[in-house]
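Make the full structure from the sequences, and use the hints.
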Amino acid sequence: MKRMATLAAFVAAFSFFGGVTAEMGVMDARAEARQTVQHSETRSRGSALRPGDCIGIVAPASWLEREKWEKGVRLLKKHGYRVKLAPSCTTANGFFAGTDSARASDLNHFFADDEVKAIICLRGGYGSVRVLNKLNYTEIARHPKLLIGFSDITALHTALGEKSGIVTVHGPMLGSLAGDHLTAYTEQEFFRGIESYEPLGALPTPKGAPMKAVIPGEAEGVLMGGNLSIVLSLVGTPYELKGDGALLFLEDVGVSSYQIDRALYQLWQNGLLHRVNGILFGAFTGGDDDLDPGDPTTAEVIDYYARLVGKPVIKDVPAGHVSNNAFLPFGVRATMKANDDGTASLVFDEAAALPPKNAK
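Residues -22 to -1, 1 to 338 in mature numbering (1 follows the signal peptide of the UniProt record, and there is no 0) are what the sequence shown spells out, letter by letter.
Keep in mind that a hint or two might mislead.
Straight-line Cα separation of at most 20 Å, PhoX-like style, residue types lysine-lysine; simulated pairs [stated by the list, open to error]:
1. K190 to K315
2. K112 to K141
3. K46 to K62
4. K56 to K46
5. K289 to K315
6. K289 to K190
7. K49 to K62
Label pairs and their computed distance ranges (CB to CB) [claimed, not checked]:
8. R60 to L269: 46 to 54 Å
9. G288 to N71: 42 to 50 Å
10. R120 to P333: 14 to 22 Å
11. T116 to E173: 22 to 30 Å
12. D92 to G58: 17 to 25 Å
Don't read these hints as lab results, they were simulated from the structure.
All figures in this text were calculated on a predicted structure; none of them were measured in a lab.
Just so you know, even glycine gets a beta-carbon here, dropped at the ideal spot from N, CA and C.
Next up, the structure:
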């Protein structure tokens, strides 16, 4: 069976609901010895957008057929925005939208282009990690602007946060905005987010889908994270998420509960789950579609690691591979509250963008 080795290790390491072992209570000394990176209010921010501004579209990962994203361009134009497409948006090269060098060049160019006020990724898929060593982080830091995307784009969020110190956004991509399942919630939150230069305040949730407290408590910190598989893949690289004092957001798609356990266990051993102040779990879509009898569910795995970490934990954040996909600025300070009655909230205490020049 494809996961027998993992299950054997799972059983050997601990009884699932048997409590925390002494081995797991010892933080890896290497994690403690890592240099602390301060993530504070000093992160650079671009300007909020106004209708008439130009939005750049890049394809840092996989390609997408034109008919699957043209509707997204029309939506941006409907809201009054001009659109500039990077060359790789119309190129296919195996898995990717153009070569690694071409995709990196598009990103570098759009960050340096003063006409482009924000950058939206075409789609995720795979490939963002392959451009990380080709980005000009110094120049990007000099020209901060909102880069928006999720899933595979987590690699860019993390690298740009760690190396350039800029605010980015976990939010819908052009393919998402073009999709038949685009909801009023996603559209409203997207345009509210890109046009706001005040703190966004409490994160709204879709009707009938509240966030839930797992471990009660209140925590403050800079929001960061993204796709669990991508966060894990960056461990041991120069772009690894440090997470000191952060609020860690995680989501994923198409990963089984045992794979989620494996990833969270490694992040526990790596020290990331020790270093953060609190954890927010978004959507984990499709993880329980092929469970064997007796397998723990995704919810059970998340609950286990919530108790293991022992810090405030919230689940069901409306973000990830779901129709209702929130606008989550990474790199701004926020406050999470997990209440004793099971309710929960996330409040953004800092603005994600600066006032535009024409702001009143």
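For each hint, the structure was consulted:
{"no.": "1", "hint": "K190 to K315", "in the structure": "holds (10 Å)"}
{"no.": "2", "hint": "K112 to K141", "in the structure": "holds (12 Å)"}
{"no.": "3", "hint": "K46 to K62", "in the structure": "holds (17 Å)"}
{"no.": "4", "hint": "K56 to K46", "in the structure": "holds (17 Å)"}
{"no.": "5", "hint": "K289 to K315", "in the structure": "holds (11 Å)"}
{"no.": "6", "hint": "K289 to K190", "in the structure": "holds (15 Å)"}
{"no.": "7", "hint": "K49 to K62", "in the structure": "holds (15 Å)"}
{"no.": "8", "hint": "R60 to L269: 46 to 54 Å", "in the structure": "holds (48 Å)"}
{"no.": "9", "hint": "G288 to N71: 42 to 50 Å", "in the structure": "holds (46 Å)"}
{"no.": "10", "hint": "R120 to P333: 14 to 22 Å", "in the structure": "holds (19 Å)"}
{"no.": "11", "hint": "T116 to E173: 22 to 30 Å", "in the structure": "holds (29 Å)"}
{"no.": "12", "hint": "D92 to G58: 17 to 25 Å", "in the structure": "holds (19 Å)"}
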